[in-house]
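Engineer: Each chain, letter by letter, is given below.
Number of protein chains: 2
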Amino acid sequence: MNAYESLQQRSREIALYNSAASALTWDLEIYMPPKAGPYRAEQLSQLAGLAHRLGTASEVGGWIKQCEDKLPACADEEETALRAANVREWRRDYDRATKLPQRLVEDLAKTTSLAREAWVQARRESNFAAFAPWLEKILSLVREQAQSWGYADCAYDALLEGYEPGVRVADLVPVFADLQKQLSPLLPQLEKITAAVDSALIEGDYPVAGQQALNRRVAEAMGFDFGAGRIDTTVHPFCTELGPHDCRLTTRYNERDFTGSLFGIMHEAGHGLYSQGLLPEHYGTPMGTYLSLGIHESQSRLWENQVGRSRTFWAHWYPVACEQFPGLAALPLDEFWLAVNRVKPSHIRVEADEATYNLHIILRFEIEQRLVSGALAVADLPAAWNARFEEIFQIPVPDDARGCLQDTHWAMGAIGYFPTYTLGTLNAAQLFSAALRQVPGLDADLQKAEYKRLLAWLQEKIHRPARRYSPAELMTLATGEPTRATYFMDYLKSKYGL
Amino acid sequence: MNAYESLQQRSREIALYNSAASALTWDLEIYMPPKAGPYRAEQLSQLAGLAHRLGTASEVGGWIKQCEDKLPACADEEETALRAANVREWRRDYDRATKLPQRLVEDLAKTTSLAREAWVQARRESNFAAFAPWLEKILSLVREQAQSWGYADCAYDALLEGYEPGVRVADLVPVFADLQKQLSPLLPQLEKITAAVDSALIEGDYPVAGQQALNRRVAEAMGFDFGAGRIDTTVHPFCTELGPHDCRLTTRYNERDFTGSLFGIMHEAGHGLYSQGLLPEHYGTPMGTYLSLGIHESQSRLWENQVGRSRTFWAHWYPVACEQFPGLAALPLDEFWLAVNRVKPSHIRVEADEATYNLHIILRFEIEQRLVSGALAVADLPAAWNARFEEIFQIPVPDDARGCLQDTHWAMGAIGYFPTYTLGTLNAAQLFSAALRQVPGLDADLQKAEYKRLLAWLQEKIHRPARRYSPAELMTLATGEPTRATYFMDYLKSKYGL
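Chains as they are written, first to last, in the working numbering: chain A, 2 to 499; chain B, 2 to 499.
Warning: the hint list may mix true and false statements.
Copies of one chain are not kept apart here, so a pair can be met inside one copy or by any two copies together.
As the list claims (entries may be wrong) - Straight-line C-alpha distance at most 25 Å; calculated SDA-like pairs for lysine to any residue:
hint, residue 1, residue 2
1, K36, S127
2, K36, Q213
3, K345, G205
4, K36, Q460
5, K100, Q213
6, K66, Y40
7, K36, S23
8, K494, N387
9, K111, R13
10, K494, E80
11, K453, G167
12, K462, L443
13, K36, A22
14, K36, I15
15, K111, R92
16, K345, Q190
No wet-lab data here; the hints were simulated from the structure.
Treat the numbers as computed from the prediction; the structure is a model and nothing was measured.
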């Protein structure tokens with residue numbers, strides 16, 4: 002076995018243990034009986050430790066070096082390029098994993114596990130003081146992480162790199178500024194247009210079985226392969242990959258409003274189509290792995306928003322939904338469509354509409370940078386959050402539970418994660434716009450609820466390349482330029498006829 | 002870490018990988034999408050390989066030897082005895098695992114995997130000739146297994162040892178002969194008594210939700226802890242342990258007859274109570290592991306048959322079932338009870354009643370011994386099976402699918418497994434009889450559907466000892482003598498008033 006083959010084998014071996022851990026996590030979230038928790042945690046930690054040891058072993062560094070010095074010969078040019086990309090990504094993963102001292106890894110794991118519990122309680126009681134020492138400690142640990150990884154401009158860059166390879170604060174700042182500049186003045190208009198309909202009119206009687214049938218029909222129409230995936234019920238919906246032909250979506254049901262579950266399934270199935278679009282023969286190696294969170298999120302948002310919240314989508318699917326839920330027919334399609342596209346400033350990010358959502362991210366991006374650099378002290382966080390929130394949204398923050406304590410990310414040590422949500426939003430609009438330009442007749446397809454060619458375009462441009470290019474390169478190859486705010490703004494304006 | 006602690010740690014590490022594999026297998030049987038099969042097989046094989054390597058590593062042999070030479074000191078006498086028992090069992094497992102040449106292990110894994118597919122098809126087409134070469138090959142491999150393990154009297158003993166430690170053909174032959182001698186003449190009477198009621202009268206309308214509610218109530222009454230377990234739906238019901246507080250039962254539902262699922266759940270919950278009764282602090286070591294198949298099966302059968310098929314049980318539960326299924330009340334309790342206790346010779350083992358079931362086992366036990374010794378050639382198996390079946394059951398075998406091709410065990414290389422089913426039946430009757438003698442007022446408890454003290458007795462006598470004693474020792478400690486046929490025969494006679 003040459004060095005490349007050794008890396009390939011090791012990479013697949015690690016993926017196998019990680020995928021077993023994904024299966025255990027899926028079960029934990031959905032079916033596991035409560036008393037099984039502590040042992041499940043042991044299983045996950047032992048599997049993670051095994052995968053980590055296998056990935057950071059010194060022989061791995063040796064194989065990578067050998068491949069960098071001389072990539073084993075291969076007649077096929079395309080195959081050679083793929084191998085070179087695999088080696089580049091193995092190097093990246095290896096360096097990021099081995100640069101962290103073992104003590105720091107353990108300290109982070111332990112701290113975030115305890116911090117999560119503290120955060121749950123602090124949020125319940127809206128008691129920032131109880132969480133503050135944990136955030137302090139987490140910030141000091143992630144700063145140490147950033148130091149270990151190294152960076153040119155600012156520590157935040159090193160964190161961001163973990164979620165969005167190659168993207169830097171200096172890249173995001175102008176894009177986000179442009180977005181905010183265009184979006185803020187538009188919001189009062191969007192709010193006014195969509196306030197024309199009382200969105201409570203959607204409320205009715207939607208039995209779970211009917212929702213499940215509709216969700217499945219829509220996911221199937223999108224192209225989600227139920228021979229290689231399934232949908233289960235959970236409290237916090239997610240999508241997870243248990244293997245090369247095994248993608249699990251989850252959702253929750255509200256029997257008074259079916260739209261939450263349906264848009265949720267379109268979102269998760271968007272993630273799932275990305276997973277199902279990766280080439281199974283590369284499973285377990287970088288060329289069979291998703292690229293970044295901002296790209297993953299672009300797939301979920303494109304299906305949920307550009308497709309699912311469009312007037313075109315509902316022209317086809319509203320009659321189907323009315324067949325499933327006869328009471329719905331009392332609400333005219335146009336009013337229904339406005340109601341599911343309601344724009345309104347609100348306090349909670351995860352409940353925000355697709356337009357105001359991005360301002361929640363911009364707020365967090367600003368604050369995270371200042372927390373990491375030390376420009377903002379943890380003790381001053383609530384005041385800073387509340388002031389800036391009111392400036393942006395024009396509504397006051399009632400308490401920290403609905404303010405700076407609302408998200409779980411910081412308690413998990415996931416700092417630098419938030420911007421990828423808005424990157425996903427912008428990428429989604431940009432990709433959808435490119436697909437409409439590049440795929441002749443796609444518009445007509447969408448009117449017929451025919452999504453095969455849209456999916457094929459996404460598979461070719463986004464899914465199959467996997468980690469071959471950086472996110473900026475991939476966006477450029479697919480759309481002609483890196484991520485910009487324009488396409489999202491155009492999408493919003495055209496959607497609401499502005 | 003001393004040698005004992007090293008063994009303990011290694012044993013728990015192996016158990017953790019095995020329990021992860023159990024979770025993957027549970028998912029495979031219940032929820033996994035079809036295309037995920039090949040990768041799941043890879044995951045299971047890699048985890049099994051890892052567990053095998055960790056268990057057969059040379060340092061393990063060294064640690065066992067060190068403990069055998071001098072068990073690390075321990076002040077507590079009970080703890081010392083437990084440690085000695087662990088070391089004895091580690092030695093047993095290590096020797097059985099290391100005595101097999103790697104080539105034989107791989108050959109068996111590959112052969113049985115292919116043989117299973119061949120068997121499925123051969124049974125479907127009732128084509129013994131298509132399965133014969135596989136059985137030939139499997140017999141030659143299990144003979145080689147037996148040679149590697151070693152034996153005193155006959156090769157079959159070495160196979161039996163894998164399912165029922167310490168039990169030999171010479172122990173079983175007289176017990177099974179006694180059983181057959183007493184059972185055969187009784188059968189015509191049992192058939193006549195139970196034929197008084199047409200068992201088709203049970204057929205009615207039993208919605209799945211109602212069956213689930215009843216199953217759960219009964220399992221809860223038995224003492225099954227749903228905080229540490231659950232019930233799912235599957236085609237082939239089973240019970241599996243995913244960790245120290247994680248026991249999963251499965252069942253299937255027939256909306257025309259609720260009794261199959263209910264007795265199935267009582268059976269699986271019987272297994273599950275054994276699993277939940279093992280001491281969690283010993284999880285992953287022999288002192289936290291089930292003893293043998295004959296003991297495991299005694300727990301499932303005791304709850305299904307001695308408890309569940311008794312007149313006393315239904316005196317309490319029939320009104321509950323009638324509340325759940327109002328149509329059922331048209332059938333008087335006595336007739337219902339006779340109908341669920343119908344005795345009648347039939348061709349298929351897994352559909353047999355609790356009395357004739359044992360004759361199916363006796364037939365297989367005889368034939369397996371002759372196949373392994375070579376006294377019976379594979380080519381002559383159908384004729385030998387059919388002749389002996391008709392002798393025992395007084396009905397002819399219509400085809401091999403309902404004859405020697407009906408069971409999956411041989412295709413899996415599980416030869417020597419069948420006798421443990423009847424050992425379980427006999428142990429169940431013997432244990433139940435001992436419990437009634439030893440627990441004052443247990444009879445009254447059972448009439449009130451109060452099972453706490455029965456369960457406590459089983460926990461003390463059977464569950465908590467785990468692998469501390471051999472099956473024969475355990476039965477003797479619990480009931481005063483090793484497994485005998487008498488208690489089961491007494492149980493049958495008293496049940497049917499003979």
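Engineer: Check each numbered hint from earlier against the structure, then list the numbers of those it violates in ascending order.
Structural biologist: 1, 5, 6, 8, 10, 11, 15
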